[in-house]
Amino acid sequence: SSSSSSHGRILQFAPFQSLVDDGFWRRLSSLKLDTLGVDQSPIPITGYYAPCSHPRVSNHMTLLAESFSVVPEAPRGNRNRCPVPGVLLNTNTLPSFRTLDRESLLQKEAKKILEDICSGKVEEDPGVLSSFLVISYADLKKWGFHYWFAFPALVLDPPASLLDLRPASEVLSAEEAASLSTACNKWRSSTLTADIPFFLVSISSNSQANVRPLKDWEVCQGDGQKILYGFYDPCHLPNNPGWPLRNFLAFIGLRWKVGRVQFFCYREKHGLADLGLSLIGEALVSPPEAWRDPQSVPKAVGWELKGGKLSSRFISLAESMDPERLAISAA
Amino acid sequence: MVLSQKIHEAFKGTVERITGPRTVSAFKEKGVLSVSEFVLAGDNLVSKCPTWSWEAGDPSKRKSYLPADKQYLITRNVPCLRRAISVEEEYEAGGGEYLLDGADDDDNEGWLATHGKPKEAKGDEEENLPSIDTLEISKGKVVQSIPSYFGGEEEEEIPDMADFENSENLVETDPATLQPSYFVAHEPEDDNILRTRTYDVSITYDKYYQTPRVWLTGYDESRMPLQPELVLEDVSQDHARKTVTIEDHPHLPGKHASVHPCRHGAVMKKIIDVLMSRGVEPEVDKYLFLFLKFMASVIPTIEYDYTMDFDLGSTST
Chain P
1 SSSSSSHGRI LQFAPFQSLV DDGFWRRLSS LKLDTLGVDQ SPIPITGYYA PCSHPRVSNH
61 MTLLAESFSV VPEAPRGNRN RCPVPGVLLN TNTLPSFRTL DRESLLQKEA KKILEDICSG
121 KVEEDPGVLS SFLVISYADL KKWGFHYWFA FPALVLDPPA SLLDLRPASE VLSAEEAASL
181 STACNKWRSS TLTADIPFFL VSISSNSQAN VRPLKDWEVC QGDGQKILYG FYDPCHLPNN
241 PGWPLRNFLA FIGLRWKVGR VQFFCYREKH GLADLGLSLI GEALVSPPEA WRDPQSVPKA
301 VGWELKGGKL SSRFISLAES MDPERLAISA A
Chain R
1 MVLSQKIHEA FKGTVERITG PRTVSAFKEK GVLSVSEFVL AGDNLVSKCP TWSWEAGDPS
61 KRKSYLPADK QYLITRNVPC LRRAISVEEE YEAGGGEYLL DGADDDDNEG WLATHGKPKE
121 AKGDEEENLP SIDTLEISKG KVVQSIPSYF GGEEEEEIPD MADFENSENL VETDPATLQP
181 SYFVAHEPED DNILRTRTYD VSITYDKYYQ TPRVWLTGYD ESRMPLQPEL VLEDVSQDHA
241 RKTVTIEDHP HLPGKHASVH PCRHGAVMKK IIDVLMSRGV EPEVDKYLFL FLKFMASVIP
301 TIEYDYTMDF DLGSTST
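Chains P and R are the protein sequences, given in the same order.
For the first sequence, position 301 (counting from the first letter as 1) is numbered 301 according to my numbering, and the numbering increases by one without interruption.
For the second sequence, position 91 (counting from the first letter as 1) is numbered 91 according to my numbering, and the numbering increases by one without interruption.
Read the hints as simulated data drawn from the structure, not as lab findings.
It cannot be assumed that every hint is accurate.
[Stated by the list, open to error] Ranges of calculated distance between the beta carbons of each label pair, as one might list FRET restraints:
hint: 1; chain 1: P; residue 1: R260; chain 2: R; residue 2: D43; range: 37 to 47 Å
hint: 2; chain 1: P; residue 1: L192; chain 2: R; residue 2: M276; range: 36 to 46 Å
hint: 3; chain 1: P; residue 1: Q221; chain 2: R; residue 2: K61; range: 47 to 57 Å
hint: 4; chain 1: P; residue 1: G77; chain 2: R; residue 2: P59; range: 10 to 20 Å
hint: 5; chain 1: R; residue 1: A26; chain 2: P; residue 2: T193; range: 38 to 48 Å
hint: 6; chain 1: R; residue 1: Y65; chain 2: P; residue 2: V70; range: 22 to 32 Å
hint: 7; chain 1: P; residue 1: S96; chain 2: R; residue 2: M224; range: 19 to 29 Å
hint: 8; chain 1: R; residue 1: T173; chain 2: P; residue 2: T35; range: 32 to 42 Å
hint: 9; chain 1: R; residue 1: A26; chain 2: P; residue 2: D39; range: 51 to 61 Å
Virtual Cβ for every residue (Gly too), placed ideally from N, Cα, C.
Using the sequences and the hints, build the whole thing.
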């Protein structure tokens with residue numbers, strides 16, 4: 001597929017990056033030793049991310065010790081930790097880790113996301129759009145952890161094409177921008193909404209902006225209001241939106257049948273809305289008809305790269321976890 | 001940990017168990033904070049600098065004297081775009097360093113203020129840089145070279161994953177995925193070496209010294225955890241291994257680099273004195289803003305978000 005549309009270029013999304021805190025592996029180790037044993041059932045986990053807050057560094061999907069408590073029980077209301085549901089598949093041996101059928105695992109997760117889009121679950125719990133998968137093997141003799149993240153993205157065919165993408169401050173009038181900043185900061189400072197990463201922005205004809213939950217979509221229609229589809233953008237790049245927009249666009253196209261989408265990549269500086277860093281873009285979206293069939297399995301991508309290649313990652317915590325080494329360094 | 005350090009830690013633990021936490025304010029007299037003042041100052045930091053948040057932490061490590069949901073403060077994913085050593089070279093070239101504590105520069109125990117505006121600290125900067133123009137200037141500090149971390153010798157623990165990679169037929173040729181060369185962090189110009197590390201910076205309350213204490217958890221440019229030893233490249237070389245030590249974090253697992261709090265009270269007292277001598281009455285809920293400016297002298301390259309302008313107290317003019 002060389003050119004999908006006569007209008008505009010293919011919209012390219014910056015992949016999510018993962019970050020795993022040592023505490024996560026320690027908690028997994030004790031869970032495995034004390035509770036799981038050889039049970040390899042999928043473990044529900046919670047990842048956390050926040051909007052980009054620095055013009056030069058993207059934010060990541062982070063796993064912490066607390067990640068083993070599950071959405072919605074996971075800590076909520078913390079603006080710097082928006083919970084996203086995930087699944088951990090921890091295998092008992094290295095060979096079984098290496099021979100996992102990653103393609104079908106990814107498809108299974110993508111199918112779940114498609115189901116959540118079609119059922120309307122996304123409107124109630126928007127975080128499910130960024131659901132992710134981690135496969136791992138924990139070598140508890142050597143305190144080594146092999147792992148691999150997947151951030152499943154439904155692949156639109158043809159891909160979304162980009163008509164326009166500029167800093168929000170250039171797209172909006174000064175009055176609209178000021179009102180949107182205020183509305184975003186309000187949304188981000190209320191514990192009820194601070195950690196909800198997908199939202200709607202309605203801008204009325206008198207330049208007043210409101211931030212609303214996705215389930216208010218029908219209420220926003222009409223009255224000459226301009227609608228922007230907003231999300232917390234972990235990406236810092238000036239010319240590309242981050243990964244969460246992919247499934248969001250699929251959702252908007254499929255659920256609300258909107259073909260021409262104005263989206264808003266929400267980014268911050270010093271923890272406050274920054275409309276110079278935030279982007280507003282416009283894209284054409286046409287989800288495959290096949291996705292309307294509940295049995296369909298959507299094409300998906302999303303296994304994380306390591307150094308530009310498809311590869312798992314490895315972290316050794318022997319230095320800080322191996323009782324023998326600790327005894328030597330303490331002596 | 002060396003033996004003397006261990007003995008001291010044990011002593012400190014005992015003292016912490018038998019003495020109640022400070023409840024009466026000694027903020028202006030000693031530069032220290034009571035537990036409730038720490039919570040007050042933390043609340044103010046979180047509300048003014050929302051990238052900071054309170055954490056409840058691991059319930060088994062909870063300190064009973066702090067509220068369960070306010071055990072420590074943390075800000076994540078703070079960029080560190082270059083190593084401290086390069087900053088120090090620039091300051092050397094720019095005319096020297098500013099010592100916060102001029103009393104004993106011979107044994108290098110003073111605090112270096114390598115942040116701020118060294119050459120032209122003008123009048124309107126004064127509120128934010130409380131002590132810069134009253135400081136002695138000490139020249140000729142030795143700049144040590146730092147072995148490069150990016151040589152890739154760290155790989156020995158990693159088993160050969162080549163088979164794993166090549167056995168894959170799942171090559172994702174997706175035109176809507178931005179290719180990896182574009183999504184690395186933006187680097188300073190004229191520099192083809194990746195240097196962007198990120199840090200989680202946390203602040204705990206040290207009951208023994210009655211001051212906040214800063215901890216650094218580092219990640220390399222591919223967001224893999226940094227060994228605490230490598231974190232020392234990002235602290236002022238005058239402090240590496242002296243005031244910055246590697247110890248157990250009270251709430252997080254494992255070893256982390258920390259700015260040792262033994263002189264925090266004394267330095268904070270000096271900063272408060274300078275403010276008061278200028279007619280500024282420091283307010284205890286601003287303690288952490290002052291404290292983080294002071295910490296910036298130890299960790300000059302980690303760009304956390306306290307640099308916004310704040311009134312540090314009420315001016316009595």
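Run the structure past the numbered hints and jot down the numbers of the failing ones, going up.
Of the numbered hints given earlier, the structure breaks none, since each of them holds.
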